Structures are given as structure tokens and as C-alpha cells.
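Residue numbers (our numbering), protein chains in the order written: chain A, 156 to 425; chain B, 156 to 425.
This list has only true hints and no planted wrong ones.
Derived DEER-like restraints, expressed as beta-carbon distance ranges:
1. A205(A) with T214(B): 23 to 31 Å
2. P269(B) with R201(A): 28 to 36 Å
3. D173(B) with S362(A): 54 to 62 Å
4. S217(A) with T302(B): 45 to 53 Å
5. G252(A) with H208(B): 25 to 33 Å
6. Q211(A) with D279(B): 45 to 53 Å
7. D287(B) with G382(A): 38 to 46 Å
8. Q220(A) with Q411(B): 41 to 49 Å
9. E410(B) with S284(A): 35 to 43 Å
10. I283(B) with A250(A): 28 to 36 Å
11. A205(B) with D173(A): 24 to 32 Å
12. Q381(A) with D287(B): 44 to 52 Å
13. A205(B) with P269(A): 26 to 34 Å
14. H208(A) with E185(B): 40 to 48 Å
Calculated directly from the structure, the hints in this document are not laboratory data. Since the model is a prediction, treat every value here as computed from it, not as a measurement. Ideal Cβ placement from N, Cα and C applies to all residues, glycine included.
So the chains spell out like this:
There are 2 protein chains.
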Amino acid sequence: MGQAIVVKVGGSAGIDYDAVCADVAGLVAEGRRVVLVHGGSAETNRVAEALGHPPQFVTSESGFQSRRTDRQTMEIFTMVYCGKMNKMIVGKLQALGVNAIGLSGLDGRLLRGPRKKAIRAVIDGKRISIRDDLSGKVEKVNSDLLTLLMDAGYTPVMSPPALSYENEAINVDGDRAAAAIAQALAAEALVLLSNVPGLLRDFPDESSLVPRVDVARAEEAMALAQGRMKVKVLGAVEAVQAGVGRVVLADARVEQPVRKALAGHGTTVQ
Amino acid sequence: MGQAIVVKVGGSAGIDYDAVCADVAGLVAEGRRVVLVHGGSAETNRVAEALGHPPQFVTSESGFQSRRTDRQTMEIFTMVYCGKMNKMIVGKLQALGVNAIGLSGLDGRLLRGPRKKAIRAVIDGKRISIRDDLSGKVEKVNSDLLTLLMDAGYTPVMSPPALSYENEAINVDGDRAAAAIAQALAAEALVLLSNVPGLLRDFPDESSLVPRVDVARAEEAMALAQGRMKVKVLGAVEAVQAGVGRVVLADARVEQPVRKALAGHGTTVQ
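Using the sequences provided together with the hints, build the complete structure.
Structural data, given as C-alpha cells:
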């Protein structure tokens, strides 16, 4: 068995899950080990609206945007990520002959880390501190469980929430969770798929794709990145520095998105 | 490691999940192997109402009631069972020091069986046939996966849906799924907890509890059973006939419900 490939597929509108699952199934059929990490943000927004608890987002002082996760939002988040999205993907993979197992960060303590004591946010130009937010970050990954399952022929399909050190479900960034999983498995590659073709020099001009980022010159890439792409580039650089072979930021909206990313389509961080 | 105990806790109103989880945690701390199977019917009804797709139930010609499971209902069912309920229970167990792993019947092909081609139902006295229902029954359990996880110290927390032979998510009866799991593991005991104290001679008079049912005289018990209890008694008898040590139908609304059931409180089928 070779090293694992960790594939993260975002939860934004326009993602072609059928193409991602078909591509993963092809790789698994060739004997590759794949861990698939998924999001669910667009669907969480939709269900939260339908249940009368519309989504809210906060922007940190350093410019990162994140979901405001109060207790009711965490319930909806868990329903959508662990119920609807996770089992939809597991079902698609099963239909393609892949013996997938869906797991959240709570299951088997797969993803653990600290809950943020407070999130500092900027709302209407004012700095505020939110103390009841159920969010945090991943510091530890139970790679033993992932290896146990992959050794037995199963393909893990994972999503947030993670489990805080105080045993609460916490919302964590999916891209950085995938990076932590790739690090823990010393993965050959981490592929971060979303609805853009990679890092763009002139966002949103898709012809301005940056094909390669050298981790030694990461500041330049970070300066180019807009919005969500900042977190992806940051996670990619951290992952490579921690021993992941390479990270590819690539387009989920195409046929064979994983193979194309592994072949160098997108932005390769190395 | 001894034989497993399979505990099924219903999804009706009034169930004390904290008491069930604390009791399971105590057994696991003593080195017992426990598989916890859960329901989620009351919460599914609530969420389905909130999402504008109210629950419907159909009664079969033989008098069994079941949830009408069209595609949208299956999506809601999966959100609630695999997302909300499953991760709520996994979170409670993790907080009690149990390394729980939540799994549906889709994951690792844990629960497989045929989808019903049609459900014959009686509505307003008329016999009708419903062909698009996503329901079926469990015929195969992947006990290898459960054993792999329990050998490594994990406690499986399971729920429907199951995976049909055509790889669709199908709604299956939770009590009979638990019975199939207990059979596959040759469990020492199967404990079916719900919001009644067991089989009642004079339903709903709780003082008329039937303490023991001999499988050789199952017809008498079946004749006494009302509504949902028919399925429980049927599943219990089948399980004992297939090699499960004993089945106890017991009350989930008390402290230490599992230990009390194992000590003989409730209706023991043997």
C-alpha cells in the first residue's frame, strides 16, 4: 500500500460531487488510498434558512470570514454535514463499488483541538468579542483509526465538526482540517477542490492562474489570495512544511478533478 | 473480551439519553463490549414538520405501521438519524470517556438488505400499493467491521438507514436491525429500550408487565402485543431463535436502564 492522498471537496454551489466520487472510485480501484474530506456550507445555509435560523458570518480582524456557530447553528451544521452531505457522498461511493465509511471529527476522536475562548470580530467597523461560539481548530488527528480502516479496505469520508478538548462539537475550517489529516498521514498529496481553478493573480480572472507556489516564497502567494483562498494557501503552506508531499488547489467543476489536480492542473504548492 | 451486548434505544419522546449513555459508559468501563443502536422518529417528525414536509404513516395489511419514506423524507430521515441524533449520542459518550464511533447502515455496508418493491397498505379501508417507498429490511450485517472496531477499543453507535442491494439508502425498522446485529455478533444479550416497561398483558396498564416470554410459546406473546410492541416481540423471538442469548424489552425512562434490563427488569424473551 502506498501513501494516502487526501482530497478535500468544498461545499459551495456548483461542485460536481458525481465527478469527484467517480474520480475517487477510479483511484481506489487502482489500489490508491484516498481519504475524502467534504464541506457543506451552501446546503447548511439553505437548511438553516428553511428552519428559520438564517446563517450569520463574522469577519476576523485579520480578514478571515467564518460562520457564526451558536448552539442551534451547530445542530443544523451537524445535521447537514454528518447527515445529508456525508451520507449522500458515502451512498454515491458505495454505488461505485467503494466501501466508504462516513465519519465526523467526533467519531473515534478523529479530529481534536481547542475551542476558541472568544472570536474577535469586526462588525460595522466595531471590534467585538463573541464568547459563545462553538468553533475552534484541529490540533490532533487520530491517524491510527484512519489507518486501521484503510488497512481493512475501507475509504474514510470525513467532515467537521471536530471534538474540543472539553468534548464539545466545534466548527473547524474544512481546508485546514484536511491539511491536518494529510500531515498526520504523511500524505503523498493533498488536493483542495473548490469552485475556482486555483490561486489567481488577478481574481476573478481565471486565465491568471498561478501554476506553482514555492513554500519558501509563501508571502507573495498570500498577498495575492482573496477571501477563502487565503485560508487555503495558508493551510497548503503549513501542510507542505509539516511533511505533506505537495498540495494542489484545483477546480472541482470539471471531469476527473482529482486526477487533473494530481497531474498539475491548478496551483501546486510544494 | 466477552460477547457483546447490543442495546437499542428508541426515538420516541420521553427517552432519557443521558441515563442510557451513562449506563453504557459504565458497562464499557468494566470492559464490556456494547453496540448502541438508536432511533430518531420523534425528532424526524419535528424536523419534517419544520421543513414543510410533514410525516406520513402507512399501516400494512397485517397491522404494522411504518413511516412513508419518499425521497425527501429519506433526506430528512438521514439528517436527523445520522446527523443530529447519532452525533448527539456520540458526543455524550465521548464526554463520558467512551471512544464512540457513529455509523449508519450505509457506512462500510454495515446493514444490507432488499428494498421493498411495493408496500401494500390500507388507507381509509382501501388496499393500495406504494412503489416509490425507500424502505426494506436488513438481511446482512458486516460484523467484521464491528469486531475490528471493538477489538481496537471503539464503541459503535449505529442507526438506520441501511444500504439496499441496489445501493440505495433504505429505511428499516430499528428494532429488527438491532436484532440482526445481535444475531451477527452472537450477542450475549439484546436490550430493546423504549418508553414502555416491556410487554403488557393489559396495555397500557404498566402493572400488567409480562416478565418472561418463552420463544416456544411466542404466539401467545404476539397476541398480547399492541402496535409497535408486535415488531419488538417478533424481532426478539427471531433473535433468540438465531442464537442471541436473550432479549429484554425494557424501560428507557429510568436510571441505569441497561443494567436493570440485564438484571431482569422488563420482559425477558429466551
